[in-house]
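> Here is what each chain is made of, one letter per residue.
Protein chains: 2
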Amino acid sequence: MERAHENTSLLSGRVVQGNHYTEEAGKGIRRRNAGVAVHRPSNEEFEPTEVLSDKYQSSDYDVIENQLYCEEEQQLAQKKIHSYIWQLEVKRWFVMLLIGMITACIAAVVDICIDKLAGSKYSLVALYFEDRTDNMTILIPFFLWMSIDIALVSVASLLVVYGEPVAAGSGIPQIKCYLNGVLVPHVVRVKTLVCKVVGIVFAVSGGLAVGKEGPMIHAGSVVAAGVSQGKSTSFKKDFKVFKNFRTDHEKRDFVSGGAAAGVAAAFGAPIGGVLFSLEEGASFWNQSLTWRIFFASMTCSFTLNVLLSYYNGNPWSLSSPGLINFGEFTGIGYHGYEILLFLLMGVFGGLAGALFNAINYKLSVFRIKYVYKSVLCILEVIVISILTVSLSFLSIYLSNDCQPITDSVQYPLQLFCGDGEYSASAALFFSTPEQSVKTLFHAHEGSIKPTTLIPFCLIYFMLATLTYGLSIPSGLFIPSLLAGAAWGRLFGIFLHYLSPDLFSDTGLYALIGAAAQLGGVIRMTISLTVILMEATHNITYGLPLMLVLITAKWCGDIFNHGLYDIHIELHSVPLLKWGPPPLSSHVKAGDVMSRPVITLNTIESVGKITEILQQNEHNGFPVIDPYDQSGMHGGTFRGLIIRSQLSVLLKNKAFTSWPTSTAPRRRIELDDFRNEYPRFTEIEDISITDREKECSIDLRPFMNPSPYSVSKEASLPRIFRLFRALGLRHLVVTDGHNRVIGMVTRKDLARFRYSSHRERGLQELPVVSI
Amino acid sequence: MERAHENTSLLSGRVVQGNHYTEEAGKGIRRRNAGVAVHRPSNEEFEPTEVLSDKYQSSDYDVIENQLYCEEEQQLAQKKIHSYIWQLEVKRWFVMLLIGMITACIAAVVDICIDKLAGSKYSLVALYFEDRTDNMTILIPFFLWMSIDIALVSVASLLVVYGEPVAAGSGIPQIKCYLNGVLVPHVVRVKTLVCKVVGIVFAVSGGLAVGKEGPMIHAGSVVAAGVSQGKSTSFKKDFKVFKNFRTDHEKRDFVSGGAAAGVAAAFGAPIGGVLFSLEEGASFWNQSLTWRIFFASMTCSFTLNVLLSYYNGNPWSLSSPGLINFGEFTGIGYHGYEILLFLLMGVFGGLAGALFNAINYKLSVFRIKYVYKSVLCILEVIVISILTVSLSFLSIYLSNDCQPITDSVQYPLQLFCGDGEYSASAALFFSTPEQSVKTLFHAHEGSIKPTTLIPFCLIYFMLATLTYGLSIPSGLFIPSLLAGAAWGRLFGIFLHYLSPDLFSDTGLYALIGAAAQLGGVIRMTISLTVILMEATHNITYGLPLMLVLITAKWCGDIFNHGLYDIHIELHSVPLLKWGPPPLSSHVKAGDVMSRPVITLNTIESVGKITEILQQNEHNGFPVIDPYDQSGMHGGTFRGLIIRSQLSVLLKNKAFTSWPTSTAPRRRIELDDFRNEYPRFTEIEDISITDREKECSIDLRPFMNPSPYSVSKEASLPRIFRLFRALGLRHLVVTDGHNRVIGMVTRKDLARFRYSSHRERGLQELPVVSI
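Same order as they appear, the protein sequences are chains A and B.
One point on numbering: in full-length UniProt numbering, the residue at position 721 of the first sequence is 721, and numbering is uninterrupted.
One point on numbering: in full-length UniProt numbering, the residue at position 598 of the second sequence is 598, and numbering is uninterrupted.
Note that these hints are calculated values from the structure, not bench results.
It cannot be assumed that every hint is accurate.
It does not matter which identical chain is used: a pair holds within one copy or between any two.
To be verified - Calculated cross-link-like contacts (lysine to any residue; reagent style SDA-like; alpha-carbon spacing at most 25 Å): (1) 712 / 61; (2) 712 / 626; (3) 577 / 244; (4) 362 / 288; (5) 91 / 343; (6) 693 / 386; (7) 91 / 559; (8) 373 / 647; (9) 438 / 538; (10) 712 / 63; (11) 653 / 504; (12) 116 / 594; (13) 91 / 561; (14) 449 / 126; (15) 373 / 63; (16) 237 / 101; (17) 362 / 386; (18) 577 / 286; (19) 438 / 741; (20) 712 / 726; (21) 91 / 586; (22) 237 / 366; (23) 91 / 340; (24) 373 / 400; (25) 653 / 666; (26) 91 / 339; (27) 608 / 351; (28) 712 / 602; (29) 577 / 280; (30) 231 / 677.
With the sequences and hints as input, model every part of the structure.
Written out as structure tokens, the structure reads:
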């Protein structure tokens, strides 16, 4: 089962675990050739949720306040403190403005392209449907439809498989990881953005059960990561601006804004976007950052609104704040007694969502095991596409739900209906998913028969399950909403049948069903509630939406996790959970930490540094003072230096003592580090002569002189809170005399997962190489 | 200027600073007789924003994970881990449910009482207005009106002055302090709640320019603090439930829920409530806590909705989610070009808010200096009440704005208008403020003349400025909204006059003006935006509201801080700001910390402990190991013990070595600490015999063995983030050999305030006794 494999598509099908697990001291693994040579597990030993991959790096969110940094700040503070702070602040707001506007433009382009492409397709196919005369000729539009769809989805699939595998799926799991502090390789590159954006246009136009909303969040994040750096590594172009933002800390802050802008663009939900970023970022509430995130999402929603209003022919009407539009709910609200029914729907949504997740999990494991070759991936997409078209066609063909034509139907198909009528089934299947959602929410009572809804609901549920995880960009929101809206409307029709007076608004039930289904699949918490409230444009439904989402989450959580979390677990990402395992105060740092730790001396020889960097892949190295030995023990802890800094120091030959005792050639400045960010030179690519290896480097001006550290008595919850609140990567564990005895990284914490369902208690997860 | 003073009313007029500043080592000051003997500064030396008061304790948000705690957890973990976690979780949710429901009941009672009381008042006075025949007889209703108002506000004032001074004002500053980690004395007591709730009913009914919304947030918080503890110290009743929640950590978490419930009750804004708590609490986003806060605010909004719907005669119509109701905005939304006008209004709102704050600041300083005697406080309230009635009466009397009567007017006064008409001026002045807001928002175009609006706006602005800070419970939202709505509507009328076609919706401009004014006064950020959006019940106005609030905040911030912050600063509360001072990385722990630190040995003599507790008022004591001396230096840092723990140990005679070497009489358990919480026995009240003083206590099982500590190289921003994210009270500073060299507390950080307006740079604030 061993083979070389070029594709490291992540979190969305076709996934290959990292290899050569060498987490000896657990210090934030760094892989040079991640995913090139991959060991595949035999089928028996493969248990995806029981391992942690070593493919992912953590981000260095903690600011390295070393001597250089303090000197730079002190200079600024002495000279012109206000103008500098002011400049930096203006730059930050300006970048957020750019992020919002560019994300909005991308969203508008995607929307317009899909509108044009899908429009042409449906118009063309509809033309041939019109010409149908008997059961044979109706196969002409069927095959036309199918071939167009296959062509479209193939483009999307090719882009993902041969372009950038990480562009597959919705992108939300990857952004969750990024905001949590785990860097998924390639996730914020320009190439990913192009593949994602073009791919989603073709995937949606190709009629698959996918939405374009999730990918917008990914797109916004990539835009943010790109714009904020003022340079493009892919295009080898450095604009020499925003140099101060070239750190993991600033970059992640901007990506928060980008993700929020993406949510704002997708759902017209600027506040929901802010909450999404805060919830996933989960550092402490940083007021000025939150304002900037707010600004980005607001700008994005507004710009998109203007662009789409202009496109729709009503400039300045500002009626399209987001890509998805639930339309106007003009109902009279709800009655108190209906809340019980909503809760019931929440329960059903949770169950349905759990079923969805269970099926998709099995399918994903199957895909990881068997469907990983590029050709197979593309074939699978085509097969699903054929299945989608065939089932849609069959449903339309067999349906006899004819309705009088109104303006709200986008591509009315007459088919076997009388003149002036259209097929209600076709209105659902033969349309973009967004349009179908609106139809289910707003079509007036009686305009869709249960005989149309039942097959639609079942088919769409199945198709959505099959589709998520394919090698195409694919949002999960719309398919979930559609399936839920269908059964919700069915329920509404049933109630209306029982008592037409008490239950008049079937559209409301469709909305609640949609929320329940989405909540059951995603379990996405508080931001989701706000997103749905904003998308509904009507605050009256706030309370029912909240209740339904909480109920759905609780019911679903009995069986499995949310789909995003399932996919993150499937790929063994060392994600930090929301909280520490319960009742774990008796687990101490000494139990969690990795050891022994490789340390460096404050003044260290170049030879030893080179050797250490070459021989292991750790990322952070505690610096100790060998001359300050208390008693007979080792040196005391003085600071922390990370691999990328050492790489810059070696590359720039920042040697303090040459054998000929000349001074260092040039003073190393912060800009030397910033210019290399984020792709630092590998140790293999730095040439160090044997003579240079005899030199030494004084690490003290460069190391972080006060990294967070804890005593070995510190409890697991305490360590967890430090990591979560401050975005740590390394936490040094010291003994009573301030000597380094161990190191805790994100991976050490992630290993201590607590699985309440499996009664595992606090047992440690195996970290194996697969 | 020195005098004894019993009242320590806080943050809202009549404030007296703490005395005898003994912040020698800055370890979280604890005062035994706070506010009893007060030094008043001479007028020259009084500079309220330049000092820190020593009157406030910090809360111990950090969980003390000592040996007892770990043992208790480990026992539970071994026995029945799931049932225990489950029980605790269910209890937490149940408490939140109670908090939501009780807060809603209080809100409903307040609303109904005000409705009845103010209704009776207006009906009675209106009766006498009807009988007027000439200019003399019209003085009868005037004096009647005035005497009723004086009687009502006197009750409110008496309750505050002689009942509980901390019940004055809106309570939001105090809750901000509480959530930030500063305990304002008496703020969450039952007595405060009673005075606040009864007081607000009388103050609002008494016709002052106050709202009942802010006090609801305070009320919710008190309810939360009370319910979660399962006992009442005031009533000496221990229900023996919720013992696990008797720590500062759990209590603050519940108070977050209570504050959110209060916001939900006040504005019908459950999401805004959650955001308010998160924003002010500002620890990192704790997912399960956030859900519970959400649940509390949702429950509260729903319960209040049911109660008020029932009271209004439409059970289950669920149309009153909050006390304030902006009514239905049925306008067509807004046009893109109007956004520029909104921004302009934001600028104006910022300026008007800054003016409001500047006047109120001067007034508050004046009050602190001169109006602090109980009698003066009550007299001042009565004077303002007379002024309010007189100005209102004059405006009504001089106005000639007659409008045909419609249903929407609550207490129509005919006055000098023709039959079937009412005085529009009276509709604004002769009504509860909530009703006036609705009138300004929704009265149809032309129903209020500019000649009515201009005096109303000016008078109300002035009255609101004068009223906030009086010795009565007084919300700030409604007065600000009213003043803003008035000038906003004026602006709308002006635009309508310019172009009736382009600007038809004057109510929208009233809304935007209200938001601008409120934003200018409070500068309350993201939660405020969401609160207003939810109160408006219409998401369409989200973007303009955001824009206006941001603009108003920016403009106002040029001149001064938000009013709540001004009042917090006036009382020298060591509040932690949103972020560290900019460019302060070169300020190190060594510069910030206080020293020398009083330490205890791991096994310490009772005599020394007693002496230390008696002779100083510090709260946290580092524990060092005297036998583990590295080299010739002092002992190494082993843990931290706080005053309340020592008090319990002494009281329970938890001595390890008696002179006669008998074992300790009884094992000390966590419940011993819980039963004393939150009012621990003072050291003076514990009798220690001379013989007992020779005993010793082993502090190791009780101390926190792994408190957060930093090296002296740690920068100010780093320390700040630790405090902010983890809610710290003490941070021990150690040297390279893990020996204690200093201590950083909240006060040490607050001293390093950075005032951008005054070009003060990073200079240290004097901490003086005033």
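> Now look at each hint and say whether the structure bears it out.
These are the hints, each one checked on the structure:
Taking the shortest Cα distances, residue 712 and residue 61 sit within 25 Å of each other both inside one copy (23 Å) and across copies (22 Å). Both within a single protomer and between protomers do residue 712 and residue 626 lie at most 25 Å apart by alpha-carbon distance, with minima of 21 Å and 19 Å respectively. For the homomeric pair residue 577 and residue 244, the shortest alpha-carbon distance between copies (24 Å) is at most 25 Å, but the shortest distance inside one copy (30 Å) is not. Taking the closest pair of Cα atoms, residue 362 and residue 288 never come within 25 Å of each other, the shortest separation being 43 Å inside a single copy and 29 Å across copies.
For a Cα distance limit of 25 Å, the shortest separation of residue 91 from residue 343 across copies, 21 Å, qualifies, whereas the shortest one inside one copy, 47 Å, does not. For the identical chains of this complex, residue 693 and residue 386 are neighbours neither inside a copy (63 Å) nor across copies (88 Å), given an alpha-carbon limit of 25 Å. Taking CA atoms no more than 25 Å apart as the test, residue 91 paired with residue 559 passes between copies only; the shortest distance there is 23 Å, against 47 Å inside one copy. Neither within a single protomer nor between protomers do residue 373 and residue 647 lie at most 25 Å apart by alpha-carbon distance, with minima of 36 Å and 69 Å respectively.
In this homomeric assembly, residue 438 and residue 538 come within 25 Å of each other (Cα to Cα) both inside a single copy, at 15 Å, and across copies, at 20 Å. Taking the closest pair of Cα atoms, residue 712 and residue 63 come within 25 Å of each other both inside a single copy (24 Å) and across two copies (17 Å). Within a single copy, residue 653 and residue 504 get their C-alpha atoms no closer than 77 Å, and across copies no closer than 71 Å, so neither meets the 25 Å cut-off. Taking CA atoms no more than 25 Å apart as the test, residue 116 paired with residue 594 passes in neither setting, with 56 Å inside one copy and 68 Å between copies.
Proximity of residue 91 to residue 561 under the C-alpha cut-off of 25 Å is restricted to the inter-copy arrangement: shortest distance 24 Å between copies versus 40 Å within a copy. In the homo-oligomer, the alpha carbons of residue 449 and residue 126 lie at most 25 Å apart inside one protomer (22 Å), although the nearest pairing across protomers, at 59 Å, exceeds that limit. Taking the shortest Cα distances, residue 373 and residue 63 never come within 25 Å of each other, neither inside one copy (41 Å) nor across copies (52 Å). When the C-alpha separation of residue 237 and residue 101 is checked against a cutoff of 25 Å, the pair qualifies only within one copy, where the shortest distance is 22 Å, while the shortest distance between copies is 60 Å.
In the homo-oligomer, the alpha carbons of residue 362 and residue 386 lie at most 25 Å apart inside one protomer (22 Å), although the nearest pairing across protomers, at 76 Å, exceeds that limit. In this assembly of identical chains, the alpha carbons of residue 577 and residue 286 lie at most 25 Å apart whether taken from the same copy (20 Å) or from different copies (10 Å). In the homo-oligomer, the alpha carbons of residue 438 and residue 741 never lie at most 25 Å apart, since the shortest distance is 60 Å inside one protomer and 66 Å across protomers. In this assembly of identical chains, residue 712 and residue 726 lie within 25 Å of each other by CA distance both inside one copy and across copies; the values are 19 Å within and 19 Å between.
For the identical chains of this complex, residue 91 and residue 586 are inter-copy neighbours only, at 23 Å across copies versus 47 Å inside a copy, given an alpha-carbon limit of 25 Å. For the homomeric pair residue 237 and residue 366, neither the shortest alpha-carbon distance inside one copy (42 Å) nor that between copies (61 Å) is at most 25 Å. For the identical chains of this complex, residue 91 and residue 340 are inter-copy neighbours only, at 23 Å across copies versus 51 Å inside a copy, given an alpha-carbon limit of 25 Å. When the C-alpha separation of residue 373 and residue 400 is checked against a cutoff of 25 Å, the pair qualifies neither within a copy, at 42 Å, nor between copies, at 85 Å.
When the C-alpha separation of residue 653 and residue 666 is checked against a cutoff of 25 Å, the pair qualifies only within one copy, where the shortest distance is 9 Å, while the shortest distance between copies is 66 Å. In the homo-oligomer, the alpha carbons of residue 91 and residue 339 lie at most 25 Å apart only across protomers (24 Å), although the nearest pairing inside one protomer, at 48 Å, exceeds that limit. Taking the shortest alpha-carbon separations for residue 608 and residue 351, neither the intra-copy value of 58 Å nor the inter-copy value of 63 Å comes in at or below 25 Å. In this assembly of identical chains, the alpha carbons of residue 712 and residue 602 lie at most 25 Å apart whether taken from the same copy (23 Å) or from different copies (18 Å).
Taking the closest pair of Cα atoms, residue 577 and residue 280 come within 25 Å of each other both inside a single copy (10 Å) and across two copies (23 Å). For the homomeric pair residue 231 and residue 677, the shortest alpha-carbon distance inside one copy (10 Å) is at most 25 Å, but the shortest distance between copies (57 Å) is not.
Taken one by one, the earlier hints fail for this structure at numbers 4, 6, 8, 11, 12, 15, 19, 22, 24 and 27, listed in ascending order.
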